[in-house]
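**Q** If you want the building blocks of each chain, they are given just below.
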Amino acid sequence: MSNVFTIDGQEIPFEPGQSVMQAALTAGVFVPHLCYHPEFRPHGSCKLCTMKVNGRPATSCTTPAAAGMEVENNTTEINDKRRMLIQMLLVEGNHFCPSCEKSGNCKLQALGYALGVMSPHFTEFFPDRPVDFSHPEMLLDFNRCILCELCIRASAEVDKKNVFALSGRGLKKHLIVNAESGRLADTDFAVTDKAAEVCPVGVILRKRHGFAVPIGQRTYDLKPINEQVERFKPVTPATKEKV
Amino acid sequence: MPKSPENLLNNVLDRYERNGNRLMQILRETQEALGWLSPETITAIAKSIGWPRAKVEGTAGFYSFFHNQPMGRYRVLWSDNITDRMLGNINLMQAMCEKLWLEPGRVSEDGLVSVDTTSCTGMCDQGPAVLVNYRAVTRMTQERVTQMAELIQKQIPVAEWPTDWFRVDDNVRRGDILLNNAMRPGEALKAALARETEQESAANARSWREGVGAAAHGPSAVLEEIKKSNLRGRGGAGFTTGIKWEACRHAPGDERYVVCNADEGEPGTFKDRVLLTRQAHLVFEGMTVAAYSVGAKKGYVYLRGEYRYLLDPLKSVLTARHDAGLLGANILGRRGFDFDIEVHLGAGAYVCGEESALIESLEGKRGIPRNRPPYPVTAGFLGKPTVVNNVETFAAAALIAAKGGDWYRGIGTTKSAGTKLLSVSGDVERPGIYEYPFGVTVAEVLADARATETQAVQISGPSGICVADNEFGRRIAFEDIPTAGAFMVFDRSRDMFEVARNFAQFFAHESCGFCTPCRVGTTLLKNLMNKIGDGHGTQVDINEIYQVSRVMQTAAHCGLGHTAPHPLLDTLEKFRPAYERRLKNLTFQPAFDLDGALAQARQMTGRDDLAAHLENAE
Amino acid sequence: MNAPNRKLRVATTSLAGCFGCHMSFLDIDERILKLVELVEFDRSPITDIKHCGPCDLGLIEGGVCNAENVHVLREFRANCKILVALGACAVNGGLPAQRNHLDLRDILEEVYETEGGLARGSKIPNDPELPLPLDKVHPIHEVVKIDYYLPGCPPPADAIWKFLTDLIAGRTPVMGHGLLHYD
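Chains as they are written, first to last, in this note's numbering: chain A, 1 to 243; chain B, 244 to 861; chain C, 862 to 1044.
Looking at chain A on its own, in the form it has when it is part of the complex (with noise of 0.2 Å):
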């Protein structure tokens, strides 16, 4: 009765112990995120999830539902900055969706799409990054990391490999593979890994699997990314076991 809080008004229940992105996600109410998903820590670190608690800026994926908060997501002036967050990744990166395999079923281009990102904005980095092909099925196209992490969480928290980290600071700061020569093929990745499906945009790639659906029924052909709110699922125990 007690556990409810509001997001722009409207009545979010919640269990004790959900973030205010779960809660979220459980009534339906669509949050833009990259880093976050449902089977894995938070860590808020895409930070396009940021709404505002009673009058606050806060990362919802990791802000534990209160009852009572006031919750501010979907308004201009958040919105404005999520955008900005957009463009500051588009720019940060290569991204060029028309030769992308992940194109329409991205999420970072489908999140530009929602809140209407129509440039990048900013002055383009062009960073040169690499891509690995060195494994039999699987390839890395470093140019398109936003650094979300979730691979790394896949890897260490289902697969039990650590097949990938971070190295680097700052700006610096770059995808790396569990391997000495650096290269994918000398780790144990495997195409079935929890790892090799979670990537939001086009890094961790299938080979020979590009551009399989054709344009105009790819995820976000069909609908636009806030329609299709993965409604919050608790996660099964296998999966949450504690790393």
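No lab work stands behind these hints: they were computed from the structure.
Check before you lean on any hint, since a few could be wrong.
[Unchecked claim] Sample of chain C residues with no beta-carbon within 10 Å of chain A, all distances over it, derived:
no., residue
1, E929
2, L969
3, G982
[Said to hold, decoys possible] Cross-link-like lysine to any residue pairs, in silico, SDA-like; alpha carbons within 20 Å at most:
no., chain 1, residue 1, chain 2, residue 2
4, B, K470, B, T656
5, C, K1006, B, N859
6, C, K942, B, F831
7, B, K608, A, I176
8, C, K1006, B, N828
These numbers come from a predicted model, not from an experiment.
Ideal Cβ placement from N, Cα and C applies to all residues, glycine included.
Here the structure of chain A is known, so what remains is to put chains B and C in place on it, guided by the hints.
**A** Below, chains B and C alone, put in the same frame as chain A:
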């Protein structure tokens, strides 16, 4: 016979018991022994500590002072704080590079030497400063540059260089209760123990958490004094120390830690360096008092990598305290009062001054600030309740333990008890350390330091506040201007735009990269400042600074990202003409040098006709 | 009060692009008859006018890869009240910008001197008639101020139509689902 790399590595690994939590020390000592951290070395370390290799590589890749490629047998890093800039470090660095035939950031072709810049090394009162193989050298001059280049070329070991170069002065200009205290080692602890009443003294020092609870009033009596004193954290945020200690003391769990934050990375701050040089006993004693109060058995000093030279002296002090029964088991004969302190050396990462990032680093990981809650007082080092306080806070706590909370509270102002150490540098005749009771005005400090024609003071470093001359009547106190201690003075000859630009570069270099707004935003701000600074700026770019800043202040993960725009916003507010006079026009300018972008094609085609050039402005 | 009903003057060009956006423009098909009632074209591949006069609207396809692109873009900016980045290449450099991680020297040598199949003694051309390439390809907003962006590779004809009719009708163009895409 020289030892093999394997032997050297194994020695290091053994010394740290192949414990992943000690990874930072393992990496540092391995690098000191082997010169750099090769892929094979990383693999070997990962194997021996039982960590995924990528995680070890991730830690090694995070810190500026670890390198995964050879950086030369001599690595010279020029401190690049604005105060070093004002003392001419860039010209000196260039002169050094010319003498050594190399470019900044590159290793010489023979693999002998590399020269680069680094964030403020905490020698602002005696710059320009460098680190040579991570050893601090102060007061660089043209002459020293020449001599140093010669020593490097002759491959003279750093240990044989003139000892005077490595002299670090304390430059204490004004002392007060902290710097002038004449307490003997153990005095504060004895006073703390003496606060026990007779019926309580039978209890074990930590008995409150072993079920005796309220009966053991010894430690809580000390805590009461700390609370009574109204001591607030000296690292900048100003959290009430007594409340922090109490929260840790009451947090569930049976292991507790006391951590001293000596990662003094805020540019312009060097007071902890002086405290650790002159008052190491007092600092350790404060930690021990904290341990007694909260029930901790283990403490760490997180010493910034730039203060590597303090490591051995601090270890000697720790040994002396052991010998005197002030550390170790049954301290001062009190059964169960066990406490030990270790020094953990950082490796060049400003963000580790943030307490949760510091803890991550202490655990051998990348220094990424944690999500809070939980706070370190309930889940800190290794997930256990942990008190993290600044060096100066612990020193003050020792004084309070000895002389009582009421005494301390009587010093300073209503909301700011006690004294504050200021690190004064820049355009003053007498740079150095000044200790004042809280409430001192900016003008008084300037007068004492003999500053003239002062235009502005940057207080509490880049993340603090820039104060213009109409504000010099303001006070150093939590009620007005809180500070971690930096006090950088700029006279009227200085260009406040360049000050802000230097700080923008600093934050871009030091952003940990965890969250989008800070990782990208700090670089966007740096680029905008460079665009304006290089004469290509417009009003559009100034508006961009505001926009990017707002996103960072709203959405960044930690204080670094929240405060990184401060120096720009402050100077835009108070010294706007410094920006405006650089603007090319008010409308729009290209983001890059158009004519310069044709240079390569001109060279390759041998063309230099009119069409082979572009006007940069329309 | 009525909005001015004189025809809008529109110029278009393709810089470092493939003319695909112009092709997509033509895909508005018979709607072009309606469009010419509302606009008249200045410099454009459609008219073959070589230089841009004062215009209400300029549509720029393609990014900036050489000195000539810069001149054309500046001419458009100087003459058009509203300048639009049309398509992926204008918006973020697009396909041509994927050379940006390569050194221009290596590219020119490879293309003109070392690649197999070249005539013996082939050299990098140095005819002053040829525009010099920039060391990197840039989106047009990095060179001049841009007022509107319409991404897509190409933007669909319906999006171009919606954009133009919105603009002509005095509405801020808004691209809904299906009309806004980056590929």
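**Q** Against which earlier hints does the structure fall short, listed by number upward?
**A** none
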